[in-house]
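**Q** The lines below spell out each chain.
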Amino acid sequence: MRREVPLVITFVVGVVVVLDYFFRLGTGTWSLANMSREIQNWTLIIAAFALGLAAANLLRVHAGYIRTRRQGWYNSVALIVTLVIMSAIGITQGTNSALYRYWYTGFLVPVDATIFSLLAFYITSAAYRAFRARNVDAAILLVTAFVVMLGRAPVGELLWKQVPDVTKWLMDYPNMAGQRGIIIGAAVGALSLGLRILVGLERTYLGQD
Amino acid sequence: MSAWNRMLSLDRRIVYLVLFVLVSFPLLSPIGIPLSISPETKAVYDHVEKLAPGSVVVVSFDYGPSSYAEQHPQAVAIVRHLMKRPGVKIICVAFWEQGPILAEELLTSIDTMGKKYGEDFVNLGYVAGGETAMSAFAGDIHKTFPVDYRKNPISSLPMMKDIKTAKDISFLFTIAAGSPGIPEFARQIQGPYKVPFAGGLVAISVPITMPYVQSGQMLGLMAGLRGAAEYEQLLGIKGKATLGMDAISLSHLVVLAFILIANVAYFATRKGRGK
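Listed in order, the protein sequences are those of chains R and E. Everything in the first sequence is counted per the working numbering, starting at 1 for the first residue and increasing by one. Everything in the second sequence is counted per the working numbering, starting at 210 for the first residue and increasing by one.
For the record, the hints were derived by calculation from the structure and aren't laboratory data. Remember, it's a predicted structure, so these values are computed and weren't measured experimentally. Watch out, some of these pointers could steer you wrong.
Think about it this way: if two alpha-carbon atoms lie no more than 20 Å apart in a straight line, the pair counts; the simulated SDA-like pairs of lysine to any residue are [what the hints assert, rightly or not]:
no.	chain 1	residue 1	chain 2	residue 2
1	E	K352	R	W30
2	E	K403	R	Y21
3	E	K447	R	V155
4	E	K360	R	L44
Assemble the whole structure, with the sequences as input and the hints as a guide.
**A** Pasting the structure below:
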């Protein structure tokens, strides 16, 4: 039963939602659209609970790191302190309160933006060390990257007026062909995986091989 | 050690310093390098210009502080333009948990051009669930968001009385930093409900998104900070994106110069080794 019940639920829920995407069948409470809508609303409720569960799990894991004095445990202290402070303010005063917004815009936004901005330095350093025209493939990649980077920056047009046109050609033809292949391949893979889950052939989501 | 070898083993702190200095300079003293408008950005602008009074536009804030510098100017530009359009109703939503607070910051900091909260624009907040939440939103907005971000029941907001599902939406614009984002909106709202759709993206996501533009699923897009700067230019304003353009130019030049130097040094040393 522990295996069959989840498989039946998955099949019924999956079939209802998939059919609703393509067909309009029935009216009123038992219409396909209404059943699909209800299932989606349950998903939203489960997703909201999952957020709370994730926060509780985060607390449990990092409390363990602090208890065992694992390397870098002080980062866990910072995480727990900020998690508790932000949660307490959010729950008691709301996420639209002045105090919450003060902490958010005064603390989280600059810290997060700073960490993301550091990528520019790492990318420059990594490009300097690793981006070499070692063979024909790498040389093509290098030249393409060179042109696209110039084409995306206003200064590129100053240096060479045709660079936006060349960039557009690169984006519209070689890039488009490659990206479409990736997207269509991923879609076929998703379709195949979806069918396997629906008919019960794929059971890894149940925690089994 | 030869000069070329020394060049190849250049201390990374020198690379950091050069980049820092050259990026800081135009931020403090803008040069004003001219900027051309891409057809993708122009298409978004033209579509907003053609929106008739009474049109309902959904702006989805699907980004967070990490891409704030690149994407918040996109949000500012599109919302400012929508505020200027007479009779256009704006619904702000978020399928990223960080979105609503950024939307609220924007709505409380710009000139709303006489538009009133609840009558002309609203911030519905965030709902968890990613792609499923988008589908639920499209099917029944009132059930998915019973209250807005300011805790008002949305049935009490005058502008929301006749807006029930995605069929009532005239235009959907997402400022998307990742997933859920463009593909999910294309699958759940643009495709099934035939809603005109466009988005603002981080520059790195543009290549993977271009097939959606060429197929016609997206009518246009704002590509990174440059897209926001192009939109500001179309609006006739000089915002944060325009100010950042010179820094983008110089940072790209620095990266290209370093790659060029490293490759020249690589070939020079390779030749020296007789390879």
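**Q** Is K352 of chain E close enough to W30 of chain R, meaning Cα to Cα at most 20 Å?
**A** At roughly 18 Å apart (the allowed maximum being 20 Å), W30 of chain R and K352 of chain E satisfy the hint.
**Q** Given the hint that K403 of chain E pairs with Y21 of chain R, does the C-alpha gap stay at or below 20 Å?
**A** Given that 20 Å is the threshold and the Cα spacing comes to 13 Å, the pair holds.
**Q** Measure nothing beyond the straight line between the CA atoms of K360 of chain E and L44 of chain R; if it is 20 Å or shorter, mark the hint as holding.
**A** Status holds; Cα separation ~19 Å.
**Q** Would the hint linking K447 of chain E and V155 of chain R be met if the CA-CA limit is 20 Å?
**A** 18 Å, holds
No hint from the list above goes unmet by this structure.
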